[in-house]
Amino acid sequence: MIATHDTIRSTIYEASLALDECRWGDWLALCDDGFYYAIKAFSPEIRYDMTYLDGNRAEMVSMCDLLPKHNTDRSPLARHTVVYRVAVDESDASASAVSSVAVYRTVLDGMASHVEAGSSNLFLVGKYHDRFRLENGDAKFVERIVQLDTRRLDKGSHWPI
Amino acid sequence: MPARNHKRWNEVPGELREGEYIDSRIYSDRAIFEEELAKIWKKSWIVACHESEIPEPYDFRTTTIAREPIIVARGSDNQVRAFLNVCPHRGNTIENRPSGSFRNGTASGAPRHMTCMYHGWQFDMKGNCTHISREKEGYQNRLSRNDLGLRRLRCEVHFGGFVWVTLDDAIGKTVEEWGAGCFDCLQKHVDAEPLEVFHYHKAIIHANYKLWHDTNSEFYHDYLHYHNRITGFNDAYFARQNTGFENGHVTVGSFEVQYDKYEGFESRESLSFPGLPPNHWYMIDMFPGVNFNLRGSALRCDIMTPLAPDRVLIEFRGLGLKSDTPEERMSRVRHHNSIWGPFGRNLHEDLLAVTTQQAAMNEHAEPRRILHGRHENNTIHDEIGMRHFYDEWGRWMNRRPSDPEKPYAAAA
Chain Z
1 MIATHDTIRS TIYEASLALD ECRWGDWLAL CDDGFYYAIK AFSPEIRYDM
51 TYLDGNRAEM VSMCDLLPKH NTDRSPLARH TVVYRVAVDE SDASASAVSS
101 VAVYRTVLDG MASHVEAGSS NLFLVGKYHD RFRLENGDAK FVERIVQLDT
151 RRLDKGSHWP I
Chain C
1 MPARNHKRWN EVPGELREGE YIDSRIYSDR AIFEEELAKI WKKSWIVACH
51 ESEIPEPYDF RTTTIAREPI IVARGSDNQV RAFLNVCPHR GNTIENRPSG
101 SFRNGTASGA PRHMTCMYHG WQFDMKGNCT HISREKEGYQ NRLSRNDLGL
151 RRLRCEVHFG GFVWVTLDDA IGKTVEEWGA GCFDCLQKHV DAEPLEVFHY
201 HKAIIHANYK LWHDTNSEFY HDYLHYHNRI TGFNDAYFAR QNTGFENGHV
251 TVGSFEVQYD KYEGFESRES LSFPGLPPNH WYMIDMFPGV NFNLRGSALR
301 CDIMTPLAPD RVLIEFRGLG LKSDTPEERM SRVRHHNSIW GPFGRNLHED
351 LLAVTTQQAA MNEHAEPRRI LHGRHENNTI HDEIGMRHFY DEWGRWMNRR
401 PSDPEKPYAA AA
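Chains as they are written, first to last, in the working numbering: chain Z, 1 to 161; chain C, 1 to 412.
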């Protein structure tokens, strides 16, 4: 059991590293064929559960493949991820986890780089709600819901969080 | 053409005439900014929110216009009213949440009332002062509740259920008159049945509010957007018409967007607004800083709140029909956010572009000319939209956009 919990934690942290380094293929390799991804937030302003971005695995692959064709703020994002809770269902070969995530942006461009480049700012905070399929000691993401607290997102991002 | 020396750099390029370029100081000068708040933003109809954000009696929403705190509330009679969100006693904001309901009491106040938590003064939903703590003991007969109603603001629900508010009691125009016909292209589609907001997020960016309005009203910058090039650039796209209306408003005509040309995106032909052909795309830019953008299945509304010469708050809303099924709603959400959400393909690019534009217009930097001189028979890449806006701006400010130290004069 402990090894399985460690596997889940390790997979979440590997995903954070891959995302931080914009290794989209490595991130998607951690995801099951039936993977679903969404960035959500509840808005107290309009009192509504919002979905800011979502897609299945094929749609996320397509989105990442097309990134070079878009004009993107190249300022790196760094995720500070802490796994809070892991629950494993051995009978179903599945697991779920809740992690806290804070994402910092270190300015490279997107504004007056002479003045701003090199400064790090908090971009967003929220939680990862992950579900996994377990097979042969391995864990694959079948779902990641990024539940944001932040709704003032300024320039936003083209990148998955 | 070689790179230019300082003298050549400061000359009007080519044969451009007044009205076809702007002095960059109007995007960075602090005095001009303060004047804009007083002369334009305090004198215009501004969208505060959408009525679906306050669906029930006693629901409220707070906002600001030109630094003034505003509260919009739905009364027990279902009427939407707006007030300054300021207690007439000590000047506190009365309500501090972004939204909520007065139906239940608060820690300091009674149900169905707006209550200032500081000293417990209460107001009904029409803005009447109904309770002053220890009124007679403190004020005897010198001051009564009748003297202490809230500051009422003119408020109308119009153009698809948006709540319009003005700080100017003497504005002299209804919202319909203020629109001057610019909403005709969409009005029957958005007024056919109630709309509902499904998306909200905010951006505060380092840019003058007019730069955001510019990027909404000129489509020449579609070269910025891979999505728009791949789904749009065809004969019908290049034939879209820009039309100017009184009061500085501009519309951009429609064409059929080929959404499925973008890998991973689907056609939007199965979902639209009542009476609107599928996959169409209209744009309405209203002076001084409200924008409506309807792409087939989703209506987007940007509301600008200028914060400083180089800083603007933009509130982004997405709307569908209140009658949507869950499946229809999810489609509208996806269609809206895949392009216009905070993680969408286009919005990030637009925000990036105007921020880098402002980065070269620092306060007290050498003024330079921003060119608005494209003429293409008023079609999509003609910059008539911006020229129309700045001519209106010049009249309201009595300043010449090409040289703001000179009084307004109509462009030749």
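Mixed in with the good hints, there may be bad ones.
To be verified - Reference listing, derived: stretches of chain C covered by chain Z, where coverage requires no fewer than 3 residues with Cβ under 8 Å from a Cβ of chain Z:
1. 97 to 107
2. 133 to 146
3. 192 to 199
4. 351 to 365
Stated by the list, open to error - Simulated pairs of lysine-lysine, PhoX-like, Cα-Cα distance not exceeding 25 Å:
5. C:LYS202 with Z:LYS40
6. C:LYS322 with Z:LYS40
7. C:LYS188 with C:LYS173
Read the hints as simulated data drawn from the structure, not as lab findings.
Note that the Cβ used here is the ideal one computed from N, Cα and C, for glycine as well.
Task: Hint numbers not upheld by this structure, sorted from lowest to highest - done: Hint 2 is the one this structure does not satisfy, whereas the remaining hints hold.
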